[in-house]
Every structure is written in structure tokens, then in C-alpha cells.
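Engineer: Residues per chain are reported as follows:
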Amino acid sequence: MDFADDPAAAEFRAGLRSWLSEHLAEYAHGTGYESAEAVERTHKWHKALAQAGYVAVSLPAEYGGRGLPDSYEGIVNQELAAAEAPPSPPIGHIAHAVVDFASDELKTRVLPGLLGCTQVWCQGFSEPGAGSDLASLTTTATADGDRFVVNGQKIWTSGAMWSRWCLLMARTEPDLPRHRGISMLVVDMESSGVDRREITLASGSREFAEVFFDNVSVPAANLVGERGQGWQIAMHMLAYERGPADMGWVGRLGQVIATAREAVSSGQLTADEALRQRLAAAAVDVEVLQWHVARSLANRGPGSRSEAGSVDKLLTIRIEQNLYHVVNDLAAASFVVGPPTTFANYLWSRAQSIYGGTQQIQRQIVAQRILGLPRD
Amino acid sequence: MQIELTSEQRAFSDSCARLAADLAAGWHRGRGPGDIDPPAPDEKAWARIADAGWLALGLREENGGIGATAVDLAVLVEQLGYHAVAAPIVGTLMAAQQLQTWQAPAELLADIAAGTLRIAPVLTADLRSFAAVEPAWLLRQDTPNVGPATPPNLGPTAPPNHGETAPPNHGETTPHGHGQTGRPARGTAEAGVLAWDAAGAAMAVLPALGTAYLLADATGFADVTRAVRPLGEPAMTIDLTIPGDDALAGLGAFALSLLTADLLGTMQAALDSAVEHAKVRSQFGAHIGSFQAVQQLLADSHVLVEATRSATYYSAWAVDALPGAQALRAARAAKAFASRSAVEVCEHAIQVFGGIGMTWEAPAHVWLRRAQADRLALGDEHFHYAAIAAAEFAAASTSKSGS
Ligand SMILES: Cc1cc2nc3c(=O)[nH]c(=O)nc-3n(C[C@H](O)[C@H](O)[C@H](O)COP(=O)(O)OP(=O)(O)OC[C@H]3O[C@@H](n4cnc5c(N)ncnc54)[C@H](O)[C@@H]3O)c2cc1C
Chain A
1 MDFADDPAAA EFRAGLRSWL SEHLAEYAHG TGYESAEAVE RTHKWHKALA QAGYVAVSLP
61 AEYGGRGLPD SYEGIVNQEL AAAEAPPSPP IGHIAHAVVD FASDELKTRV LPGLLGCTQV
121 WCQGFSEPGA GSDLASLTTT ATADGDRFVV NGQKIWTSGA MWSRWCLLMA RTEPDLPRHR
181 GISMLVVDME SSGVDRREIT LASGSREFAE VFFDNVSVPA ANLVGERGQG WQIAMHMLAY
241 ERGPADMGWV GRLGQVIATA REAVSSGQLT ADEALRQRLA AAAVDVEVLQ WHVARSLANR
301 GPGSRSEAGS VDKLLTIRIE QNLYHVVNDL AAASFVVGPP TTFANYLWSR AQSIYGGTQQ
361 IQRQIVAQRI LGLPRD
Chain F
377 MQIELTSEQR AFSDSCARLA ADLAAGWHRG RGPGDIDPPA PDEKAWARIA DAGWLALGLR
437 EENGGIGATA VDLAVLVEQL GYHAVAAPIV GTLMAAQQLQ TWQAPAELLA DIAAGTLRIA
497 PVLTADLRSF AAVEPAWLLR QDTPNVGPAT PPNLGPTAPP NHGETAPPNH GETTPHGHGQ
557 TGRPARGTAE AGVLAWDAAG AAMAVLPALG TAYLLADATG FADVTRAVRP LGEPAMTIDL
617 TIPGDDALAG LGAFALSLLT ADLLGTMQAA LDSAVEHAKV RSQFGAHIGS FQAVQQLLAD
677 SHVLVEATRS ATYYSAWAVD ALPGAQALRA ARAAKAFASR SAVEVCEHAI QVFGGIGMTW
737 EAPAHVWLRR AQADRLALGD EHFHYAAIAA AEFAAASTSK SGS
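Top to bottom, those sequences are chains A and F. So that you can map any letter, position 107 of the first sequence is 107 in the numbering used here, and since no number is skipped, the others follow by simple counting. In the numbering used here, each number is its position in the second sequence, counted from 1, plus 376.
No wet-lab data here; the hints were simulated from the structure. The beta carbon of each residue, even a glycine, is placed where N, CA and C say it ideally should be. The reader is advised that the hints may include incorrect statements.
[Said to hold, decoys possible] Sample of chain F residues with no beta-carbon within 12 Å of chain A, all distances over it, derived:
#1 Thr382
#2 Phe388
#3 Pro409
#4 Pro481
#5 Gly731
#6 Ala749
[As the list claims (entries may be wrong)] Each pair of labels, with its calculated beta carbon distance range:
#7 Glu720(F) x Phe3(A): 33 to 39 Å
#8 Glu652(F) x Lys44(A): 40 to 46 Å
#9 Arg394(F) x Ala143(A): 56 to 62 Å
#10 Val284(A) x Phe769(F): 24 to 30 Å
#11 Gly410(F) x Arg109(A): 35 to 41 Å
Full structure from sequences and hints, please.
Structural biologist: Laid out in C-alpha cells, this is it:
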């Protein structure tokens, strides 16, 4: 067992550190999705990070990754947090679906844009009638010669408004049992028949949309994996979406702790003994989360069980939601008075137990598939 | 012992609910934060509020009021919370009670009761207490100053400090030694004080200065159903008299009871709406309310709502029935419990809604915003736990040294 970096990892870490020390100042405004300018800043940061070689480091080099072990994703997260840099782009789960299942031709065509962050992607899974029960989705992709014709509606699609590509789950075999009739397609969002409508989040952030597909033509070559393999691919990638390192969460949470800690120790904000202890408890949580993620990543490989992602996700939900209660109290009146930053972050922490499969669904997965408890 | 609302109070609650629902129906959340109606009722809506007698409720008859009990007021305010009414009624009730306690002239109070003078209370920058004056001769620090003394600055985008430390003051911190009776001091308002629930208000009074101030434009506030506004220029002086300890403690208890009732209504609305959603939303071929995980969230929420209802009733009853200090102790406990519980219930409601609960369009965030902002107004649970603990340990050390 070795939690420490080996020489190669240490060198990688040092390289990232020095890159950050040179380039971070340009991104001092941070990132976000509340306005067009914030979105532009966010995408610029993602691109710069990708160009420097720090996005999707565990994905194959031939498609724009670096072919490094999964544990390097953890290093990226740690270092971004330590430098108080904006988070890395949340693309690990989508990238894994494409890398692990798509044809070479499709990979060559779309991965450079995804991993290089020059083209934005979204994930078209949820529908108005299919949230937790994803397998009940009704969007159809009907085979028609060398293309599919897509009809239906997606909802809660993060980033859809500025995405070029959508990884879409659609029903291709209506006659098969529901889990077996779903396929995964890469859809060009600029195709005719795609209509996106913005949904404003409770925080005011504008990164959500409904997407309508009206006879949208998708080349058959954009099928990821086999027809009917969509469910399997989705489960595979949800494990990566649920894994906190891929989504940049550990980094974000570490950064929140660092900022709070600095504000208290510099006297910029005062906290009584009770509040200091709650902050210490939250900091301990995040530290343990970092160790846990390091272990998860070190153990993750092609054959690993997707349920492990649910453990990580549940741990993250618990730690993040408690952390924000502490942060809110540290912020005192500025939690509710003045610029809405703290309140918006708090609202995000509530979303953590909904997206990527709700807390209730994750608990069910852990209870039934890991602990082996009976299904009712 | 009869611990439920009387039939008159139930009828009053129904009539409050009807008007509250009507007022809420006239207020639109729009498509996002840039598109929302301000939380200020128009003249017509304000006239309906005044005609219903709501603004006169707490004032005594000689002040143009109705002289209702604090329980009656809690009944009204629960409905305002339930319907998330975006009109500054709670703020007006609080300011009116404060001015009555400071023996403001009857004509001024009558104008407030009639709705012709729209007025708001002033809270310290940390929102924990009614604002007082600098220097702090008027205050005595009985309780430790818990939590951050100045608003923190979490990250580059957080606001700069917008206020100075003020000792907690819920009434038990009355003047001692110098000039505790008679006329308010001359002085200037502390930096960063805020008129609370002040949408549409013409002015806000700092009783400790005997001065009414005009109000500046609203500052950003998480609760979209209320506004907080910095003070502007002094508008007039008002002839006031510093109340005694018991009256000030009673005022603190009264104000906390209103907030507790508002939290109760807010959490009840969130729960009812989540229960309704759980009965109609289907996944996996069943209503989500049939899944135990969902049932448990909602059942726990119901327990918290019922306990908060008991606390609200006790706290409101105590305002009229117990001496000021005891009423304040009860009100602190009730407000602390309600603050914590309301947030939990609203968070559970969002969880039950799933994705739609995270949208601007759905009302769930409005309840959460109101719960969090009410929670901070006049002190969150941690503030009151600390005050309760301080008082209790002080009592313990006194009795020890006495034995
Ligand atoms: C911020 C955010 C970003 C998102 N981004 C995307 C995206 O990019 N692409 C995408 O496709 N989707 C996205 N989603 C959608 C997300 O995946 C769904 O919201 C989620 O799967 C829940 O589905 P639902 O909203 O329909 O809730 P529902 O499934 O209706 O759930 C409502 C409640 O019922 C509970 N419940 C449901 N079934 C059960 C059960 N069997 N047992 C116990 N409890 C149950 C849930 O836990 C929840 O509490 C996003 C959501 C959010 C909040």
C-alpha cells in the first residue's frame, strides 16, 4: 500500500503546480453559468486546462487524453483545489462512454473536441416521465437506412444551450424488454429538428434546458456500441458521473474548506468555538473524502463494479451538504444579504442528492447490490 | 387546559388564509431572478390588507388597534408563511409593536394600524437583533457574542463587511446604570443596519435614537418574498420613552414568536406540496409516495411540523401569559427549534420533488429561501442555543456559589 506519489506522479504533480502558478491569474474571476460572460470564462478555462494536458488525463493518449492511471485524476483535483483554481470540466463520464464503447471512426471524429474542450457536450438521459426510472424513457430513434430518426423530449439537460453534441439515450427496439431496447447515440445539436428551451435553476443559473427532437436525422455511424446496448453503457458511465473525482467535486470541496479556513484564521471572519469545531468536522470529512477517492481511483479499472460509484456519491452528498450548512453559518448575514453567491452554492449542494441518480436510488443500489439485501 | 385554537381562531385562520392566497396569486415569480415581481404590494393590495385589520391586530385600542392576542397574530402569520405572501406584513407588525412598547404617540400608531404609514423595523447588520445605537451605552451584554462578529467574506465574490458588531439585544439587554429611563439618546445609527421586511415602507424607526429614517433601495436578499433596505436620511424625530426590562423582553418574545409562526407556515406549505407531489408523480409504475424512502422523508417532516406547531403555540401563548423574561426564554427555544426544523423540512421537500425542485419555476426554492432568511432574522438556532446555555450556566454558577 502506498498513498504517496511515485516519482512519475510526483513529477506530474509538480508540472501541474508550476503551470497553475503561471496561468491561474488569468482566471481569477472564477467560472460559472449565471451569465453569458461567466459561461465564456468557464469554457476558456476548460480549454486552457485541456491544452496544457490536464483534462481527461486517464483517457487514452491517441484521442487527446494522456493514458495515465485513474489516480492521476485525483492529483488534478487535489492540485486545483490547493491552488484555489476553478474546477475541471465535468466530462469524465461522457468521455468514458465514448472511449469504452464507440467505434474507432466515431472516437476519432468526436473525442478530440470533447477532450480538448473545444466542443461542449451534454447528456440527454432524463425525460419528463423518466427520471429515477430512466429505463422507462420514450424518446425513439427509428432506424431508417444509414440513419436514425429521433423523436421525443429530454429534460434537465445541463449545458444543452451551448452544447455541440448530445449523448442521447433513445429507444431503438420498441418490442424488446425496456432495458434491452435502448441505444446510445451521439447527436449533433445543430441538426434541424433540435429545439432547446432554457430552464432557469432555483439559483438563477441558466445551465439547464429542455430539448425537443422532431424527426432529427442522426447518421447510423453515430451509434455508440451496439443497438440495445444503451442501458449497459449508461450504467457504466453513471458510475463515473457518481465518482466524485471525475466530476471535480473533491477539488471544489477542498477549495471551499481552504477559503473558509483562511478567512477564519486571518480574522476576516470570526467564528466562536462551536462554529470552529463544526468547521473542523467538515474539514475532516473532506480530508477523508480525498483519501477515499484516492483509494477508489487507485482501484478502478476496466472490470471494476459500477456500484462503487454509488458509495462515493453517497459519501459526497453527506459531506457536501453538511459542509454547506457550516459555510452558511460562517457567512452569517451575508448568506442571505448581498450578492447571492453563498446561497447559490448552498442550492447546488442540495442538487447533489438529485442529479446522477437520487440519494434514495443510490442507497437502494448499495443495499441491494453491495450488501446483498433482498429487493422488495 | 385547552391547547388548540378556539373556534373563533380557526375561523380567523380561514379568513386569513383566503386573503393570503389571494395576495399570493397576484404576485408572480417570473422566469428568473431578473423577472420577478418585487415583494411590495400595490396600493390596492395594501388597502385590502389594512381593511382586513391585519396591521391593527397587535396594537391596543387606544392606539387605533384591535388588541388581539399574540396567539391571534401567530394564526395570521402562519398563513402569511403558508402562502409565502410577498407583502411586508410581519415587518409592519413588528415595527408597530416595537413603537407601542416604546410608547410612541397614539396618532402615529393609529396611522400604522390604518395602513397610511408604512413602516419597517431596523435590525443590526448581522440580523440578530433590533438595531440600537453607538456608543453601546444602551446595551448590556448578557449573552456571549456568538458566531462571527462581522459578516464574513467567503471568497472573492462575497460582499465586503457590511456592518459592525452589535451585542445581541432581544430586550433583556436594557440600559443599566446611566439614563435607563426617560428619553432616547442622541447618536448615530450603527453602520450597516437594515430595515427588515421593508418593501414599500416609507420609513423605519430606530427607537433608541427616537428617529425615523427614510429608506434606500433594497439590497440583495435571498428571500424573494421580502426586502431589506439600508437606512437613508433621517425623516423625523419621534417622542419615545425607554421601556422597562420586562416590556423589552416581552417585545423580543413577541417578535420571535411572529418569526416562528412564519417558519411554521412556510414548512407546512413545503410539506403539503411535497406530499401532494408524492401522490401524483409516478416512477417504476408506482406513485413515488409508495416508496418507503419517500414516506420516511415526509413522515419525519410531519413530525417536525407538528412539534414546531406546539412550540409556536407555546411561545405565542407565553407572550401574553408570562412575565417578559420567561416569555423570551420560551420564544428563543421555539425560534431555535423552528429555524432548524423549517430548513430541514424545506430541504426534504426539494428532495421529494427531484429535478423540478431545483428549478426557479417550482415554488420549492421560495419556501427554502423564506425559511433560511427567517431563520437568520433575530438570531438562528445557534445564536439562541448559546444565549440559553449562557443563561443556564450563569444560573448554575450562581447557585453553586450560594450554597
Ligand atoms: C442540477 C441537475 C443537473 C442535471 N443534469 C442532467 C443532465 O445533464 N442530463 C440528464 O439526463 N439529467 C440530468 N439531471 C436529471 C437527474 O438525473 C434527475 O433529476 C434524477 O434522476 C431524478 O429524476 P426526477 O427529477 O424525475 O425525480 P423523480 O425520479 O421523480 O424522483 C422524485 C423523488 O422520488 C424518489 N424516488 C423515485 N423512485 C424511487 C424509488 N424507487 N425508491 C425510493 N425513492 C424513489 C427520488 O429519490 C426523489 O426523491 C439533472 C438534475 C439536476 C438536479
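Engineer: Next, verify each hint and record whether it holds.
Structural biologist: Hints, one by one, checked against the model:
1. Thr382: holds, 36 Å
2. Phe388: holds, 31 Å
3. Pro409: violated, 4 Å
4. Pro481: About 32 Å separates Pro481(F) from the closest Cβ of chain A, which puts it past 12 Å; holds.
5. Gly731: violated, 4 Å
6. Ala749: violated, 5 Å
7. Glu720(F) x Phe3(A): 33 to 39 Å: Once the Cβ atoms are compared, 36 Å apart, the range 33 to 39 Å for Phe3(A) and Glu720(F) holds.
8. Glu652(F) x Lys44(A): 40 to 46 Å: holds, 44 Å
9. Arg394(F) x Ala143(A): 56 to 62 Å: holds, 58 Å
10. Val284(A) x Phe769(F): 24 to 30 Å: Holds, since Val284(A) and Phe769(F) (Cβ atoms, about 28 Å apart) stay within the stated range.
11. Gly410(F) x Arg109(A): 35 to 41 Å: Holds - the Cβ-Cβ distance for Gly410(F) and Arg109(A), about 39 Å, lies within 35 to 41 Å.
In summary, the structure is inconsistent with hints 3, 5, 6 from the numbered list given earlier, while agreeing with the others.
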